[in-house]
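**Q** Each chain is listed here by its residues.
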Amino acid sequence: MRKQLVKTVESIMEQDKRVALLLGDIGVFGFKKSFELFPDRVFNIGILEQSTIGLAAGLSMQELIPIVHTIAPFLVERGIEQLKDDFGYQKLGGNFVSVGASYDYAALGCTHHCPGDVGMLRNIPGMEIILPGTAKEFDVLFKESYANGNPTYYRLSEKANASDYPVKFGKAEIVKKGKLATIIAVGPMLELAMMAADGLDVTILYYTAIIPFDKKTLKENSESGKILLCEPYYVGALLPEILETLSPKPVSIETIGVPLQMMTSYGIAREHDESIGITYKNIREKLLKLINQ
Amino acid sequence: MKNPLKKLKQIIVNASAKSGEGHIPSAFSVLDILWVLYDKILKIDPKNPRAHDRDFFILSKGHASLGLYAVLAEKGFFHFSEFENFGKFNSRLGGHPDRNKVPGVEASTGSLGHGFPISIGVALGLKIKKINNQVFVLVGDGECNEGTVWESALLASHHNLSNLCCVVDYNHSTDRALEMGDIADKFKSFGWDACAINGHNHEEIYNALVKKSDKPKVIIANTIKGYGAKIMENNPAWHHKSPSPEEFDILLEELS
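Respectively, the protein sequence lines represent chains Y and G.
The first sequence: position 200 = 200 (our numbering), numbered continuously.
Count along the second sequence from 1, add 293, and you get the number used in our numbering.
These aren't lab readings, by the way, just hints derived from the structure by calculation.
Don't take each hint at face value.
As the list claims (entries may be wrong) - Pairs of lysine-lysine, DSSO-like flavour, derived with a Cα cap of 27 Å:
{"hint": "1", "chain 1": "Y", "residue 1": "91", "chain 2": "G", "residue 2": "394"}
{"hint": "2", "chain 1": "Y", "residue 1": "177", "chain 2": "Y", "residue 2": "281"}
{"hint": "3", "chain 1": "G", "residue 1": "420", "chain 2": "Y", "residue 2": "17"}
{"hint": "4", "chain 1": "Y", "residue 1": "143", "chain 2": "G", "residue 2": "422"}
{"hint": "5", "chain 1": "Y", "residue 1": "91", "chain 2": "G", "residue 2": "340"}
{"hint": "6", "chain 1": "Y", "residue 1": "91", "chain 2": "G", "residue 2": "420"}
{"hint": "7", "chain 1": "G", "residue 1": "422", "chain 2": "Y", "residue 2": "7"}
{"hint": "8", "chain 1": "Y", "residue 1": "177", "chain 2": "Y", "residue 2": "289"}
{"hint": "9", "chain 1": "G", "residue 1": "422", "chain 2": "Y", "residue 2": "32"}
{"hint": "10", "chain 1": "G", "residue 1": "381", "chain 2": "Y", "residue 2": "91"}
{"hint": "11", "chain 1": "G", "residue 1": "368", "chain 2": "G", "residue 2": "394"}
{"hint": "12", "chain 1": "Y", "residue 1": "17", "chain 2": "G", "residue 2": "422"}
{"hint": "13", "chain 1": "Y", "residue 1": "143", "chain 2": "G", "residue 2": "420"}
{"hint": "14", "chain 1": "Y", "residue 1": "179", "chain 2": "Y", "residue 2": "215"}
{"hint": "15", "chain 1": "Y", "residue 1": "91", "chain 2": "G", "residue 2": "423"}
{"hint": "16", "chain 1": "Y", "residue 1": "216", "chain 2": "Y", "residue 2": "249"}
Make the full structure from the sequences, and use the hints.
**A** This is how it looks when you write it as structure tokens:
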């Protein structure tokens, strides 16, 4: 996805002279060509994320379209007040693209993990949150939304689904229709969810947008009243939307996601997945439990 | 134009007394600077406050909003009658300024250390668009405790933002917590052009604001918090306090 980010941004900057790229001293080598092609609109701002977000707001006031890119915890957790005050409160448009996801930088420890980004950002009114499942999907979603005048967060991850879906901004995809339960798979969780559901008569809904949340698709595809929510960040960020959408209908919900804990081990992301139960086997177990309730 | 500042101070005291809200001493501290800016410097049209070819002023220390509102009203951005509702639920005028409500307000500020980085972006944006307008930002010495002020100072000189002028309202309100020392020297070491003036002397303010520089420019405006109202001058107890009826009478008599 990171390579796609470079390609996508480069092609947009070629066509849209309003776009400016601000890097937090991350991805500088990858964007080498962009620095050469657009020297007046591509900046390696430095390691000062709070001011970078404020600066981006100033560019937005000048009717430019900023793209801020760095590692998730530095962009979101360090910059959360700037995202709230300088974009949410001011009602300005801007694009915030992170890498690292929950623990892609597993070996670097908790300072570089960010399973809390989605839960934090959903508390900023007006903030859009996008989790593409593949590189191509990022390209489609970003091109569709980068100039929509809203602050939008794109969460890129090393983990990607095997197949691309014809995604649309703010619209869930119906991957599979079934009667016994509905799986909500967010971004790169789709792959495991599909493996877990193999041979079972269940619906799979694929969400690449947390906000705006596609209520309609969920409402029309949850007849069983049994929901398995699969999220790649701190578990449960989508629960309020699900309950609000399906209320007053009674629902049974099982969840898969990152538990609220400091993940102090190192290693690689897959080892973290396995240690906290983000595996197709665990998803299948939860799914069967839900079906058999 | 005749100096209307005593009248504006009366309006500020009235609004604060009526609402029980507002930071009067901070407003009085910056009022001379704001007046010279809006009366003599800024190219901005009250009838078209978002015109593309305007200069920008950002009040980074948003708690001095009453000072900004008073000057904006005097310049015709909105009517003085709005002060009647200052701080009320449906008012456009709040304890910190909101760019989406108040004509002439460029940035919604309040939490310190936000307006300055935004001003860097506005100045950089003007450079990208090759527009020659100026950007002015006002920060407080307390605000200079914030790391983003010094991040912004680095960014402005690195990107050679000679279209940016920062005014520091140096009323020493932070001395009891964290002394800032020689702020001009600090900015100079970050690559800025720096000067220090009496922040209540209009001629000094004007001369500093119009001085050309090929670097970003900082003006250290030595000010008195609560300037012009003896009972509150340099008295931290007044920072966010509204006058009692007795204090209200004393203040209005002094400002009359």
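**Q** Look at each hint and say if it fits the structure.
**A** Hint check:
no. : hint          : verdict
1   : Y:91 - G:394  : 12 Å, holds
2   : Y:177 - Y:281 : 21 Å, holds
3   : G:420 - Y:17  : 14 Å, holds
4   : Y:143 - G:422 : 23 Å, holds
5   : Y:91 - G:340  : 22 Å, holds
6   : Y:91 - G:420  : 23 Å, holds
7   : G:422 - Y:7   : 24 Å, holds
8   : Y:177 - Y:289 : 19 Å, holds
9   : G:422 - Y:32  : 23 Å, holds
10  : G:381 - Y:91  : 22 Å, holds
11  : G:368 - G:394 : 17 Å, holds
12  : Y:17 - G:422  : 10 Å, holds
13  : Y:143 - G:420 : 26 Å, holds
14  : Y:179 - Y:215 : 19 Å, holds
15  : Y:91 - G:423  : 25 Å, holds
16  : Y:216 - Y:249 : 15 Å, holds
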